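Trainee: Chains as they are written, first to last, in numbering that gives the first Met the number 0: chain A, 0 to 438; chain B, 0 to 438.
Keep in mind that the hints were calculated from the coordinates and are not lab data. None of these values were measured; they are calculated from a predicted model. Some clues are possibly wrong.
It does not matter which identical chain is used: a pair holds within one copy or between any two.
[Said to hold, decoys possible] Heads up, simulated SDA-like pairs for lysine to any residue below, C-alpha to C-alpha not over 20 Å straight-line:
| # | residue 1 | residue 2 |
| --- | --- | --- |
| 1 | Lys132 | Gln426 |
| 2 | Lys132 | Tyr370 |
| 3 | Lys228 | Gln239 |
| 4 | Lys228 | Gly192 |
Number of protein chains: 2
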Amino acid sequence: MRFFRPSTGGQFAQYSRGFASMEVKQYMQQLGQQARAASRVLAAADSGAKNRALLAIAEAVDAARQTIADANKKDLQAGEAAGLDAALLDRLALTPARIEGVIEGLQQVAALPDPVGAISDMNYRPSGIQVGKMRVPLGVVGIIYESRPNVTAEAASLCLKSGNAAILRGGSEAIHSNQALAACIRQGLAVAGLPETAVQVLETTDRAAVGELITMPEYVDVIVPRGGKGLIERISRDAQVTVIKHLDGICHVYIDDAADADKARAIALNAKAQRFGTCNTMETLLVAESRAEELLPGIAEDLQAAGVELRGCPRTRQVLMGAVEASEEDWATEYLAPILSVKVVAGIDEAMDHIAQYSSGHTESIVTENYTLARRFLREVDSSSVMINASTRFADGFEYGLGAEIGISTDKIHARGPVGLEGLTSQKWVVFGNGHVRS
Amino acid sequence: MRFFRPSTGGQFAQYSRGFASMEVKQYMQQLGQQARAASRVLAAADSGAKNRALLAIAEAVDAARQTIADANKKDLQAGEAAGLDAALLDRLALTPARIEGVIEGLQQVAALPDPVGAISDMNYRPSGIQVGKMRVPLGVVGIIYESRPNVTAEAASLCLKSGNAAILRGGSEAIHSNQALAACIRQGLAVAGLPETAVQVLETTDRAAVGELITMPEYVDVIVPRGGKGLIERISRDAQVTVIKHLDGICHVYIDDAADADKARAIALNAKAQRFGTCNTMETLLVAESRAEELLPGIAEDLQAAGVELRGCPRTRQVLMGAVEASEEDWATEYLAPILSVKVVAGIDEAMDHIAQYSSGHTESIVTENYTLARRFLREVDSSSVMINASTRFADGFEYGLGAEIGISTDKIHARGPVGLEGLTSQKWVVFGNGHVRS
């Protein structure tokens, strides 16, 4: 029934040639139909079957370590030949430790509570009917990601656990690795008696397939893109279904007049320097004017020791002679690098105005001992995570207790902030009656 | 600051001429900017201020009954001159009773609990931080509706109560009525010290304005269209933001082998005939083969007495000689009229297959005394409301206890089923720390 399937262990040579565009459309329509049909089975599958599948996939990966490593080697060799840079090749590599990580990840997702079927808010109404909400899968989730092949197993496991069928489109440079993992996933699904089409990994690298995937609302309910800003912007612009995404993490820490000096210093260092390349890393530090002279030198000392370049507003540069001048562009930049922009503000109002103008709506934190200002910041800052006296680096599905994370959303609709299993579900209304009719 | 404002009580003559397209774009951009700015004030406004505004709007409407009636008369005269049909003219009319309804509606929304700011699920994490969720407004809501001018006050009140700025685009045939109501809304907002731009009613009837409204993601967070299927389809196709909508209400009742005969008969009659034109009205009745001969004649008798035409599958027509033959198209049609399609099915599996194929995902109900089948239907049917032994007519925000309803969503993302105040909000994460950093 599948449009085409390479013989296992074959050369996968067909992946690198594009289909004719009609072929791609047909292929994607077929994947979509199969996913929609599988989603009905998955929605009704009990937690036991889903967990058995996850553990069987883990066993299949365990048994196929060598096959996976061989497939990955092909991708790495092709990548080297194509001149991919070292960072990309590193992300592409499925080292023994990463394969171990894939196995453990599958086992961890199996151990998480199943969100599907939970009924809440059941109440009797004056009419006599009993009304509540039941948590249900979204249906079919399309996931588009770049070079890391471990995402294949990770995304598949979260969709499966939440009762959704998945269509996965990985990076073209990881096609052999992804297909090797896809074979393990199909094997595990079969062991648990679930349809193999519950998780479908694209067998073409043709870019036209992405265009089809994001414009089939009849078959795909939501798209989760993971990758660079360019990819996500293109997908968001063209998609005809909801996209769960974040584009930027331009996160702010505001050190208020009433900040505790030690907390301010510790949070500023951690929010910027604990990791530079993550979306919840602070990119701009805002400091109340009344505390700038006292606090900035110590903070700058810590950050410079961590190799961070400081770019400041004129007032900052009066205090920190070494800081270069921040341009307008700096306030709107997610550096993902050891660079920090610093601005001295009059107080909380200017800080919140700056955040409203430049923040990407990811995560902002205030450092203060003032109850009233903390309360205002919490209420008025419109970001997916708003913190008091904590490092922005905590904005993470695992830190928040979600157990897993498919992504972080800076949109306000449906899911916001770290998205775990619950973000891949919806709630329908359920009504219990006893022959009730409306009068 | 506004792009242009008619003098109060003037001829509103400018409404009927279109702007040049650049003018429309500029006008909409300005409305968008103003709405975005107002949304920050509204998000921080306390419940008292929002309720004072709602009650002040109610008072302003009360004081302006004559002005509103005069404006409505202009619309009705223009509508008659333009040859609008009687049904449309009826929807357009603001009778004294409907103006009274507007006032009461505003007072009722003021009395509802404020969803904004509610914090839930606060838990301490192993790291020591405390994490929870705070309910917050979406930001700016765009509402596009057709002839009924009372929607202007209704939509404005729900957006205001949920802390959202609103941009309203009513039907062009109701422009004078809508502007008269808009003046009352501005007055009420001013009394409560809230920005008048918190609710902006478009002062142009140019259709290009709709195109702009739905493609300004920087200023508008969500679009709620209310009207015919054609309007909603166009908007959904072209919108660059999330659209909360339903297109069809093709609702099913399935009378199972184990149905109680009296409940089945009462529910079938009520679900179809209590009102014909509503989206939660049953359009297709499915009956288990084992009960068809026993139950269909009585049900048909009730429905025919209520003036309902029956269209049946071949098996139905063996039992109900009077039924005309249902075509394939009938199963996919929302009649919104005294017509019902009837199909005899082998049992719950065929019923659920039929529903999966033809339902619009609005509301389905099973009539059964069988515990296991009721449980299966509840879990496996993928509609915004799923019922056991109750009439589909209960699928309604007021019946469910939402207190108000801005619409019904048959999508799965964000809001599903009847959408009340909560559907106009989102949740952000809040984190309380004490100088916590991530290790």
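Trainee: Please go over all the hints and tell whether each is borne out by the structure.
Mentor: Taking the hints in turn, this is what the structure says about them:
no.: 1; hint: Lys132 <-> Gln426; result: both (6 Å within a copy, 18 Å between copies)
no.: 2; hint: Lys132 <-> Tyr370; result: between (36 Å within a copy, 19 Å between copies)
no.: 3; hint: Lys228 <-> Gln239; result: both (19 Å within a copy, 18 Å between copies)
no.: 4; hint: Lys228 <-> Gly192; result: neither (39 Å within a copy, 41 Å between copies)
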